[in-house]
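K.L.:
Assemble the whole structure, with the sequences as input and the hints as a guide.
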Amino acid sequence: MSRWSLRLRILVLTLAVETATLVFFGAVAYNRSRKQLLDSLDDQIRDEIETIVQLAGAEAREGGAESPAVKGLLRLFSTERSILFQIRALDGRVLVQSPRLNGEGLVIPQELLSALLPGESDFLDLQWRDNVYRTRVAREAVQLPSGKQEFFAVVAKSRRDVNGRLERLLKYNSLIGATTLVVSAIALWIVAGIGLAPVRRLSGEVESVAPRHLDYRVNCDQLPSDLRTLGVSINGFIERLAQAFAHEKQFVADAAHELCTPIALLKSNIQSALLSPPDPVADRKSLEELLSDVERLEHLTNSLLALSEAEAAGGARAEREMVELPAYLESLVAQYEPVARQAGVTLVLEPMPPVSLQADRTMLDRVLGNLIDNAIKHNRAGGKAVVSVHVLERAVEICVADTGPGVPPEDAPKLFERFFRVDKSRSRQRGGAGLGLAIAKSLCDAQGAEICYRPGETCGSVFVVRMPRTEPAPSE
Amino acid sequence: MRVLVIEDEVRLAEHLQKALKTVPSFVVDLSHDGEDGQFMAETNDYDLIVLDLMLPVRDGLTVLRNLRAAGKTTPILILTARRTKEDIIKGLDYGSDDYLTKPFDMGEFLARCKALVRRHHGRPDPIIQVHDLIIDTRTHVVRRGNKEHFLPALQYRLLEYLAYRQGAVVSKTEILEHLYDYNWEKFSNVIEHYIYELRRKIDDGFEVKLLHSIRNQGYMLKGPASCPDGRSDSASSS
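These protein sequence lines are chains A and B, in that order. Going by this note's numbering, the first sequence opens with residue 1, and the numbers climb by one from there. Going by this note's numbering, the second sequence opens with residue 1, and the numbers climb by one from there.
If you are wondering where the hints come from, they were derived from the structure by calculation, not from laboratory data. Wrong hints could be hidden among the right ones.
Said to hold, decoys possible - Mimicking DMTMM-like on lysine to aspartate or glutamate, the simulated pairs with C-alpha atoms at most 20 Å apart in a straight line are:
1) 18/B x 411/A
2) 172/B x 45/B
3) 249/A x 86/B
4) 21/B x 283/A
5) 267/A x 45/B
6) 377/A x 411/A
7) 267/A x 108/B
8) 249/A x 87/B
9) 267/A x 105/B
10) 90/B x 254/A
11) 285/A x 14/B
P.N.:
Rendered as structure tokens:
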């Protein structure tokens, strides 16, 4: 049912409720009519019984079966075809009865007769021939000079009329009910269609939102109040999509722009060399420059690939293993020693407690390697780059600090953006594409680690990688 | 013609300089940031400025706006990697004369530079004529009568400059400003030597003299019919 259209759903549910209501009220009305009809039947029977009792009293006083009262009684009831009567003695013997009963008597259970006390009466339904008869058995008494004479008066009246009327009532009610249901189904279908028009309009609007036209917004003011939240959330959804698209677009534009510069260099180098008269020394220099430009392009392409991998991978493919931090950092720092020495920077690894982490070693290599590399590059000659570890209650912080110029406060929020460089001209000459920190951040995000920047205490900058701990703190 | 290239990518700037120098008309100064570039543009009289937009210290658009606000009419060619329509419109609207996006073709770049200089001097025709002297700025061939000359770069540059400003008296200082780049020692007696050389090549043996020395003022290139302030007297129309 959850796959049905809203219109059909509304229709079916409403019809179900309507049918239940109709059936309920129909049943109540039917029962009420039935009870009234039966009550009035019972009343008639009671009247007949009274007549019989009166006549029986007269008969008893006059004596004999041939008395005018009995004749009158017989006459009275033989004309009324739907009524049968009996008068029985206390032992159940039939004294007088309708002439029609002469062939085939009414069968009244003996227990019922014997259970009746004087003056009591009871109703029961008896089958006689083809019809059910409403039967009343009353234990009555007449006052005779010889004393009180008790007898049973039995009157049975056919229920055929009542049943016929009830049957007609049922048919009539069902017909009315069915008609009502059909008419209201048609009406509901139309009304639901009108009522759901805003939903169709909304879906039409949303359908028209193409990836290229994400500036479109649903006009919420024209929506019914209960659809407004949907409209607002659709707008929010489009907004987020648009942002993601804009972000991607910006990235592609940035990447293309980053590629433009080395390509422009390559092209201008080749063309200016071709324009100038041949000169072995200058040409040699051009070739060396061309090689370094191609290497720069290579570096940029690799960085772009690494970034897209880092962004796409998530934590899924990370191969975590136990990393003993002191030993790991020692070997990592040793790798960068030659670079640091060349740049005139002292690379220091501060002593740390023996702590280990669950981490992806390649990811750590990339992130920390990038930070150490930055700390060496963006430093002053004779400066220091310090790697230290701080063990917190739930995390381990690996800090890389430098004594370079630091980051201007207004640039700090943009540090981890793709292609962002603090000093464009300077870092471009050092081959940076402005992607290192963006890659580091993507890798950290994928690993559930955090990376952040804070200014150094006296100078320079500090980059902190905070990794969640997987084992209790070492007892010190 | 003296050109200022403001480009922070040092090697690209050097390539531009190298390429511009293959055209005898141009001498080139380089600047690698916006502030320095603006200072150089303000303190020297350049014939063309090539301006990158993304510059350290001060961005190119600000430099452009400052120069125009200071009344500099020097033609400015924006050479940038920013290639969106909005960037181009903005660059031109801020007062640049041309816009070229990186990566670019060096031949196209040079052609645009020459065109900007021609238009700046109000002489869109690449052939400059002074009376019967014809200077072809495309091939750098100078012809008078049936004599054809390939002049050394400095002589050609001097003649071209005087021809662009034909009919006007051009001072030695102006000549020094426009024909030498920043690194040259500027000696005015060098000019006299070049004028002598030029006169020997284009005036000797002709009855009508074109290159005139105006005592204590400078030099003037003009035909016999034009008045001293004859810039509008375009010889190229004949």
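K.L.:
If a hint holds in the structure, say so; if it does not, say that too.
P.N.:
Okay, the hints, checked on the actual structure:
{"no.": "1", "hint": "18/B x 411/A", "verdict": "violated (36 Å)"}
{"no.": "2", "hint": "172/B x 45/B", "verdict": "holds (14 Å)"}
{"no.": "3", "hint": "249/A x 86/B", "verdict": "holds (16 Å)"}
{"no.": "4", "hint": "21/B x 283/A", "verdict": "holds (16 Å)"}
{"no.": "5", "hint": "267/A x 45/B", "verdict": "violated (30 Å)"}
{"no.": "6", "hint": "377/A x 411/A", "verdict": "holds (18 Å)"}
{"no.": "7", "hint": "267/A x 108/B", "verdict": "holds (12 Å)"}
{"no.": "8", "hint": "249/A x 87/B", "verdict": "holds (16 Å)"}
{"no.": "9", "hint": "267/A x 105/B", "verdict": "holds (7 Å)"}
{"no.": "10", "hint": "90/B x 254/A", "verdict": "holds (19 Å)"}
{"no.": "11", "hint": "285/A x 14/B", "verdict": "holds (12 Å)"}
Hint violations for this structure: numbers 1 and 5, all remaining hints satisfied.
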